[in-house]
Amino acid sequence: MADTKPKPVETLESVTIRFAGDSGDGIQLSGTQFTTATAMSGNDLSTLPDFPAEIRAPAGTLPGVSSFQIHFSSKDILTPGDEPQVLIAMNPAALKAHVKDVVSGGILILNADTFTPQNLEKAGYKSNPLEDGSLADYRVIPVPLSTLTANTLEDTALKRTHIDRCKNFFALGIMYWLYDRPLEPTLDWIQKKFQKMPEISEANSKALHAGYAFGETTELFQSHYHVGKAPIKPGKYRKITGNEATAFGLIAASQLSGRTLFYGSYPITPASDILHELAKHKNFGVKTFQAEDEIAAVGAAIGASFAGHIGVTGTSGPGVALKSEAIGLAVSTELPLIVLNIQRGGPSTGLPTKTEQADLLQAYGGRNGESPVAILAPATPSDCFDMTIQAVRIALKYMTPVVLLSDGYLANGAEPWKIPDVSSLPPLPRLNASDPDGFFPFKRDPETLARLWALPGTPGLEHRIGGLEKADITGNVSYEPENHERMVHLRAEKIQRIAREIPPTEILGPHQGKLLVVGWGSSYGAIASAAQNMQKQGLEVAAVHVRYLNPFPPDLGRILKNYEQILVPEMNLGQFLLLLRAHYLVPAVGLNKVKGQPFKVSEIENKILQMLGKKETSDGGNKSRAARANA
Amino acid sequence: MAETKAAPPALTRKDFISDQIVRWCPGCGDFAILAQTQKFLPTLNIPREKFVFISGIGCASRFPYYVDTYGFHSIHGRAPAIATGVKCANPDLSVWVVTGDGDSLSIGTNHLIHALRRNIGINILLFNNEVYGLTKGQTSPTSRMGTKTKSTPYGSIQEPMIPVSIALAAEATFVARTFDTNLDHLSEMLLRAARHKGTAFIEILQNCKVFNDGAFADITERSHREETTLTLSHGKPLIFGKEKNKGIRVRGYVPEIVEFEPGRAPPEILVHDERHPDSSLAYLLSKLYTPKFPAPIGVFRDVERPTYEELMSQQIEAVKKTRPADLQALIAGSETWQVPAQRDAEEGA
Ligand SMILES: Cc1ncc(C[n+]2csc(CCOP(=O)(O)OP(=O)(O)O)c2C)c(N)n1
Ligand code: SF4
Ligand SMILES: [Mg+2]
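In order, the protein sequence lines correspond to chains L and W.
All letters in the first sequence, in the order written, are residues 1 to 631 by our numbering.
All letters in the second sequence, in the order written, are residues 1001 to 1349 by our numbering.
Simulated from the structure, these hints should not be mistaken for lab results.
It should be emphasised that the depicted structure is a prediction, and the values quoted were computed from it without experimental measurement.
A few of these clues could be false.
Stated by the list, open to error - Once the Cα atoms are required to be at most 20 Å apart in a straight line, the calculated DMTMM-like pairs of lysine to aspartate or glutamate come out as:
no., chain 1, residue 1, chain 2, residue 2
1, L, Lys-122, L, Asp-137
2, L, Lys-280, W, Glu-1226
3, L, Lys-536, L, Glu-13
4, L, Lys-236, W, Glu-1335
5, W, Lys-1039, W, Glu-1188
6, W, Lys-1236, W, Glu-1221
7, L, Lys-418, W, Asp-1326
8, L, Lys-280, W, Glu-1310
9, W, Lys-1236, W, Glu-1268
10, W, Lys-1209, W, Glu-1226
11, L, Lys-206, L, Glu-184
12, L, Lys-233, L, Asp-273
13, W, Lys-1292, W, Glu-1335
14, L, Lys-397, L, Glu-447
15, L, Lys-418, W, Glu-1335
16, L, Lys-280, W, Asp-1326
17, L, Lys-122, L, Glu-54
18, L, Lys-196, L, Asp-180
19, L, Lys-236, W, Asp-1019
20, L, Lys-233, L, Glu-13
21, L, Lys-96, L, Glu-54
22, L, Lys-193, W, Glu-1335
23, L, Lys-100, L, Asp-76
24, L, Lys-443, W, Glu-1256
25, L, Lys-280, W, Glu-1317
26, W, Lys-1039, W, Glu-1049
27, L, Lys-192, W, Glu-1335
28, L, Lys-7, L, Asp-180
29, L, Lys-126, L, Asp-113
30, L, Lys-536, L, Asp-555
31, L, Lys-75, L, Glu-10
32, L, Lys-96, L, Glu-131
33, L, Lys-229, W, Glu-1317
34, L, Lys-236, L, Asp-76
35, W, Lys-1236, W, Asp-1218
36, L, Lys-514, L, Asp-555
37, L, Lys-233, W, Glu-1256
38, W, Lys-1197, W, Glu-1310
39, L, Lys-443, L, Glu-485
With the sequences and hints as input, model every part of the structure.
And the structure:
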């Protein structure tokens, strides 16, 4: 409570904080703990973890820097924030890598103990930024974290190296004081995590408390801050990442359909966590299979699907490349298959830990022959839950592969999630064929064009399927020209009919006007925020976010016609743009960013203002960055 | 292995013949294998709907179309992966993979090896014709040095792979070899494979009439078969020859042929032990091949190990006992907070 604290408390609406340090410094851990404490304080929040591809790049160097950004607010927010107001840098390299993103006048909390000549040199500093005036634009708060932590824990029996590892909790304690967060969630977590190592548990808790007390007593801070609760719908909440939500969506779909989930996968960043998550939940009968490669992973999923399970395979772009022949097999055999692509920067191995949206055309056309699949894309971490269930629903109902395009940003980013009541989720029925009378493996449902799903083991329905072209209805091998053309059309038409499953497109803003921003996937937050800000400025700007990329929503074409200009921001060189233009013959314009980083709200705003012939925003730093993104 | 419930009307060979025209070249060894398989399947007393034949791509891989059971003609090399998914999903099925030497030892080697080391309960029939048949005659990973094919007009310059050696190196629990014209032996091997728990691997030497005719004549030709093959039989000494006057012994680590007077085999002749837990001796036998040695025919190895699908279900059942499948609890997780319907007015500062 404010009155028990001698230092004054200022109220802020929103804050963006970035933690940065060596990947060994526990940055992701600090970030996640701060997120939990913030979620429990009732703020709305959004996070952006960012880690190096190397597990432990050389300590103190720029490539070894890991970071975690969190934006929290007493208002509804949709993005992890454009520019941090506070940077906690655990060493000079972390400062060097991130200081340029901090708003001018922002706070830099630096681990002063690490600003030694060696570390400065490793980070590529010619002179000490603490002394050379180069940080004059910021409020610099040097804190000797290592020394303070060592002093706090000097009477413990722990080794020096162990003591030093507690410094991230000391730093976290300072942040909890500075932003008025509760310590309990983290204290509980420490206790659980280090149950078997009571000394470590106690040391970490002590460091956290000491950091908090330090904030209160040090001369360095004159006041601290409070961010009020956000007007969130009442209910029970948790924080959730996209990968967690995807895994839960798969388990939910399995429960809703009464079918066993089979997940075949080969480890790859940033998809592996889905395999890890699913492997834990064998109590739901989930079968996880870590295959010898991506081809075996999808092959086994197809086999499981042939035998009646929900066959799912998860990977990232390079893995999808390997799976493409098998996905074609599932197209040809018309078996349900869910392919998760947690996209990352490409081409080739690319940027394994960075986000990108450049696999849309791969999903759309990355197979030989006319080989259409349904493509869905979640917009936020929690949306991964709903869209995954929807992907399974479509795969089963239409007997088709469905590609779900998530990405690194959704996968690892977290947001509060109002936990749905599972009894309110619609069931997911799909019948197996059982009647031998008049049975043919490629006889179709007249509505959906889905063929019958006849599981091995069913008496009287013995049949053969395969990748050779099949005769319509009988499914026997056929090289007949008319038949091939008919089958190609049937498979294409079946995918088009999935449009019936798509709910009306939600328009954020005026239903007609000067400019429409059309997005897909993880850029939702930045796009929606930008559109809202423009509307507040009285501009006729609306946004729609497309979750169904093949087929497109049936109302999309009509919506596009209602605006004078169309802007399509994407983290690629214009793949969705290409499809939109080809489908609707509209003169849409792209805003393309391929930096392995999600869009900033300001980058989209600048482009909108430019297109409307208005001035760009006054923030100089933003302007130049946005201009680069526009180039 | 699948089990029968009630006694359905006994199945016959005809029940396993599909209505599709068999499209192999006249004289192809695949015909004999197909016919023998169709004759053998009813003897298992497994209902027809419980069989699944899964193949890759190649002449051999057309096999599933011709057997009237469930079947899946998949993509080149990937049949073991697809079969793994089928077996994991329904362990009650009798799953058979039919593959060629290119299919399983070139493009699909990875899957073959991993199926074997996992010991997934499937039966793998590798039709080895030492050539790519379907693509009209290129060298294959089992083609012998110097083999002239369309892609090696001056002779192959690659050392061939020995399928049985590969299988044993992958710690396969059942490994056998037979050939297309040795019908009773083929049936016996199929039966042994069907009875085996875990992955059963059979190499079937198969003549490609069009692109590699007579590739195995040096081994399988009736006139000299007794000299050029070594029939493996558990617990029996490794003796061969028309006169039963030759045997295999090991000196150092090297096998060699000893000749003796018929009926007076010296004690150092190796005695076949297909159930030995260590695969070393079986591996040594797998290296015996024409022209220096007779090619062993029969079961190299037959040992028991838990199957992949068994272990998978055991883990699932064990976890199910300790934790209920509560979806609501799962998605809520351990750290939740309640946002009340009516909020307290925000305190100032
Ligand atoms: C991905 C892919 N690559 C190549 C082919 C062409 N192809 C079909 S069968 C085959 C080789 C078959 O040889 P083998 O497995 O020995 O079978 P056989 O025809 O001799 O029975 C090849 C290369 C293909 N179908 N798919
Ligand atoms: S090409 Fe050879 S293997 Fe293929 S069907 Fe003809 S004879 Fe048989
Ligand atoms: Mg071959």
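Hint check:
1. L/Lys-122 <-> L/Asp-137: 24 Å, violated
2. L/Lys-280 <-> W/Glu-1226: 56 Å, violated
3. L/Lys-536 <-> L/Glu-13: The hint holds at about 17 Å.
4. L/Lys-236 <-> W/Glu-1335: 10 Å, holds
5. W/Lys-1039 <-> W/Glu-1188: 12 Å, holds
6. W/Lys-1236 <-> W/Glu-1221: 24 Å, violated
7. L/Lys-418 <-> W/Asp-1326: 18 Å, holds
8. L/Lys-280 <-> W/Glu-1310: Given pair L/Lys-280, W/Glu-1310 holds - Cα atoms ~18 Å apart, limit 20 Å.
9. W/Lys-1236 <-> W/Glu-1268: Holds, at about 13 Å.
10. W/Lys-1209 <-> W/Glu-1226: 23 Å, violated
11. L/Lys-206 <-> L/Glu-184: 13 Å, holds
12. L/Lys-233 <-> L/Asp-273: Roughly 29 Å separates the two Cα atoms, so the pair is violated.
13. W/Lys-1292 <-> W/Glu-1335: It is violated: about 70 Å lies between the C-alpha atoms, which goes past 20 Å.
14. L/Lys-397 <-> L/Glu-447: 10 Å, holds
15. L/Lys-418 <-> W/Glu-1335: 12 Å, holds
16. L/Lys-280 <-> W/Asp-1326: Distance of about 14 Å is within 20 Å: holds.
17. L/Lys-122 <-> L/Glu-54: Holds, at roughly 17 Å.
18. L/Lys-196 <-> L/Asp-180: 30 Å, violated
19. L/Lys-236 <-> W/Asp-1019: 60 Å, violated
20. L/Lys-233 <-> L/Glu-13: 18 Å, holds
21. L/Lys-96 <-> L/Glu-54: Since the Cα atoms of L/Lys-96 and L/Glu-54 sit roughly 19 Å apart, the hinted pair holds (cutoff 20 Å).
22. L/Lys-193 <-> W/Glu-1335: 14 Å, holds
23. L/Lys-100 <-> L/Asp-76: Status violated; Cα separation ~27 Å.
24. L/Lys-443 <-> W/Glu-1256: 61 Å, violated
25. L/Lys-280 <-> W/Glu-1317: 13 Å, holds
26. W/Lys-1039 <-> W/Glu-1049: 17 Å, holds
27. L/Lys-192 <-> W/Glu-1335: The hint holds at about 13 Å.
28. L/Lys-7 <-> L/Asp-180: Holds - the C-alpha atoms of L/Asp-180 and L/Lys-7 are around 12 Å apart, at most 20 Å.
29. L/Lys-126 <-> L/Asp-113: 18 Å, holds
30. L/Lys-536 <-> L/Asp-555: Measuring from Cα to Cα gives roughly 26 Å; hence the hint is violated.
31. L/Lys-75 <-> L/Glu-10: 17 Å, holds
32. L/Lys-96 <-> L/Glu-131: Answer holds: L/Lys-96 to L/Glu-131 is near 14 Å, not above 20 Å.
33. L/Lys-229 <-> W/Glu-1317: 44 Å, violated
34. L/Lys-236 <-> L/Asp-76: 17 Å, holds
35. W/Lys-1236 <-> W/Asp-1218: 25 Å, violated
36. L/Lys-514 <-> L/Asp-555: 19 Å, holds
37. L/Lys-233 <-> W/Glu-1256: Status violated; Cα separation ~82 Å.
38. W/Lys-1197 <-> W/Glu-1310: 10 Å, holds
39. L/Lys-443 <-> L/Glu-485: Cα-Cα ~17 Å, so holds.
Going down the numbered hints, you'll see the structure goes against 1, 2, 6, 10, 12, 13, 18, 19, 23, 24, 30, 33, 35 and 37, while the others check out.
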